[in-house]
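Visitor: Spelled out from the first residue to the last, the chains are:
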Amino acid sequence: MSFIFSEVPHTSTVRRQKVKNFLQSVDLEMSEDVEIFVIAKEDDRIVACGGLSGKVLKNIALDESMRGEGLALSLMSELLKVAFREGRHDLFVFTKPDFQEVFESCGFKYIEQSKHQVILMENSYNIDLYKKHLRKYKHTGNVVGSIVMNCNPFTLGHRYLVEQACERSFWVHLFVVKEDASFFKFKDRYKLIYESLEDLKNLTIHEGSDYIISKATFPTYFIKDKAQINSLYTELDLNIFRNHLAPQLGITHRYVGNEPLCVVTNEYNQQMKKLLTAPSEFPPIEVIELGRIEYGGEPISASRVRKLMQENRLEEIAPLVPPPTYALIAKMMSKEEEVQ
Amino acid sequence: MSKKLETAHAGTLESSDAFVRVIPIDAKGIEIELESSVEEIYGDAIRALVLETVTTMGIEGVKLIVQDKGALDYVIKARVQTAILRALGEPEPDWSVL
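Taken in order, these protein sequences are the chains called U and X.
Going by this note's numbering, the first sequence opens with residue 1, and the numbers climb by one from there.
Going by this note's numbering, the second sequence opens with residue 1, and the numbers climb by one from there.
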């Protein structure tokens, strides 16, 4: 049997619709963030497809009638070729536990699962390298805290949370979300955090990774405008944190700011409390939810700062952020004016 | 002699073929990661063949990830050679070495 493989780029709306129809026929919903689809056709009919979104392979499907024909492996060969051509060598795949073996035969290794419904696999040993890297920063104490932050941008609210965590802990590990999907670039976010927290002595600032709130572990975090919440992903992300990352650093606590405004983050916080303490072979991690500090009767948050930026109200930003953040915003806003 | 390598691959995952990935590493030496449908019988022979092929080409500081689907010796050898040539960015192999 011979199949014809071709690529469907993001721009090809008509052909993308055909892929969408095919996916629906096998009960899958098309991910909007897929950049390129690879499809296999037989007699002008789509019989298999697979998509590439960043470094994640998604929406991989085969027509029922084609299973067992070796088509899955041909499709994966094509899909991997496309991914490598795009310079993406370290890949992830989300799939159902039933297909773990198929992907293992394509060189993928199991990382973690969620609710026995979704598993995450990768084609490198990078999680092992990352774990080894983390172990170098271990500090043993009674209370070892952790915080995961995007800081888009860093505000006095963030500063308060970190200060509180440092006061209550022997040591604190702060992870900065690495994915460049936010208004402020990772490089800038990291720099602002670093400069604004230099005085705290019992703190390690870590660059995030693919394994901590990234497009691989938690894709819905980055499309929260759509208010899409998928507990499968929040669970996946939290399982990786508890079972893979926290043990390397001996983490006993995780600190979060309470979240009255953003639905996705609030959901994440609530699920965190449940999952990080649930009985398991790994030690529980206590979740401490801290209140937000307020200014002018409203909580200080990064979204408030971004809104003020949009409205060009620079003076009102000053009392909400530390000096390095203010300096960067002032610079960004003056540049914008020049353009206008 | 140490040559500059890029990440590269050759082959497919289909039956009777092998999919070979070449990844430069910081360490010296040659790392081989093999997954084969005939691991039990030919695993060691395949590893030896891959190592020999890479050594003959004078390459060091690489990791090779090989997914073998029951390929014959000369297929594996050809896939490894091609992957390495691609990794070196050389369009023409040095035939005297091969």
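Hint data in this document are derived by calculation from the structure and do not stem from the laboratory.
Please read these numbers as outputs of a predicted model, since none were measured by experiment.
You may find that some hints are simply not true.
[Stated by the list, open to error] Covered stretches of chain U, as calculated for chain X (at least 3 residues, CB under 8 Å):
no., region
1, 79-93
2, 138-147
[Stated by the list, open to error] The list that follows gives simulated cross-link-like pairs (lysine to aspartate or glutamate, EDC-like), each with its CA atoms no further than 16 Å apart:
no., chain 1, residue 1, chain 2, residue 2
3, U, LYS96, U, ASP128
4, U, LYS20, U, GLU32
5, X, LYS77, X, GLU40
6, U, LYS131, U, GLU104
7, U, LYS109, X, GLU35
8, U, LYS115, U, GLU104
9, U, LYS109, U, ASP128
10, U, LYS109, X, GLU52
11, U, LYS81, X, GLU52
12, X, LYS63, U, ASP90
13, X, LYS63, X, GLU14
14, U, LYS58, U, GLU32
[What the hints assert, rightly or not] Part of the chain U face toward chain X, derived, beta carbon under 10 Å:
no., residue
15, GLU104
16, GLY107
17, TYR110
18, GLN113
19, SER124
20, PHE282
Positions of the beta carbon are idealized from the N, C-alpha and C atoms, including for glycine.
Visitor: What are the numbers of the hints the structure violates, in ascending order?
Guide: The structure breaks hints 2, 3, 5, 6, 8, 10, 11, 13, 17, 18, 20; every other hint is satisfied.
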